[in-house]
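*Asks:* Sequence:
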Amino acid sequence: MFGLFRRKNPYEQAARRLYADAFMHARNPAFYSEYGVPDTIDGRFDLLLVHLFLIIERMQGEGRGGALLSQALFDVTFADMDQSLRENGIGDMGVPKHMRRMMKAFNGRMHRYRDALAAGDIESALATNLYGTVENPDSVILNRMAAYMHESTKVLKTQSFENITGQGVKFLPPETQQLKYGT
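Those letters in the sequence shown? Residues 7 to 189, per the working numbering, in order.
Hints were generated in silico from the structure; no laboratory data involved.
The reader is advised that the hints may include incorrect statements.
Restricting the straight-line Cα-Cα distance to at most 30 Å, the calculated cross-link-like pairs of lysine-lysine (DSS-like) are [what the hints assert, rightly or not]:
1) Lys103 <-> Lys160
2) Lys176 <-> Lys160
3) Lys14 <-> Lys176
4) Lys176 <-> Lys103
5) Lys163 <-> Lys110
6) Lys163 <-> Lys176
7) Lys110 <-> Lys14
8) Lys163 <-> Lys14
9) Lys160 <-> Lys110
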């Protein structure tokens, strides 16, 4: 009943589309076979966060619309996470604990990736987050994923805010990514 009085975010539909784009792209088998992302629940979650980061980073500089879309994307993401936890048998008492942990991971990674991207050291952020469960991640794999993130950032910048909100986001296909970061 109280939801009737809540002001709707005008970007909720766009956020649902963007979340679906990120979710489906993060399921691309090339990330697990060619980029060495662990094919585990944690690995898949972290790869989804990488793609959400790329979208949210693209929204920087888009003013109020970008901020509203980023917030709507966060809301849609965690509504889906809540539903997924419940569908996977996590009881009502356990869901808040899991949600807090996932939100903390989300916020930490968004800040860490932004800082690392600005400092030109995305490999260290990837090593501790995306590849955090891999003992001594291979430098070639880290370099390749860093190149993917840098190139994806460039590709997303070429997409207008209007196209992103109206049609979704087009990510760089990982299968074609052959660039090396820093060369």
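*Asks:* Are the hints correct? Go through all of them and say.
*Replies:* Verification of the supplied hints:
no.: 1; hint: Lys103 <-> Lys160; verdict: violated, 36 Å
no.: 2; hint: Lys176 <-> Lys160; verdict: holds, 12 Å
no.: 3; hint: Lys14 <-> Lys176; verdict: holds, 26 Å
no.: 4; hint: Lys176 <-> Lys103; verdict: violated, 34 Å
no.: 5; hint: Lys163 <-> Lys110; verdict: holds, 27 Å
no.: 6; hint: Lys163 <-> Lys176; verdict: holds, 11 Å
no.: 7; hint: Lys110 <-> Lys14; verdict: holds, 25 Å
no.: 8; hint: Lys163 <-> Lys14; verdict: holds, 27 Å
no.: 9; hint: Lys160 <-> Lys110; verdict: holds, 27 Å
Of the numbered hints stated above, those contradicted by the structure are hints 1 and 4, listed in ascending order.
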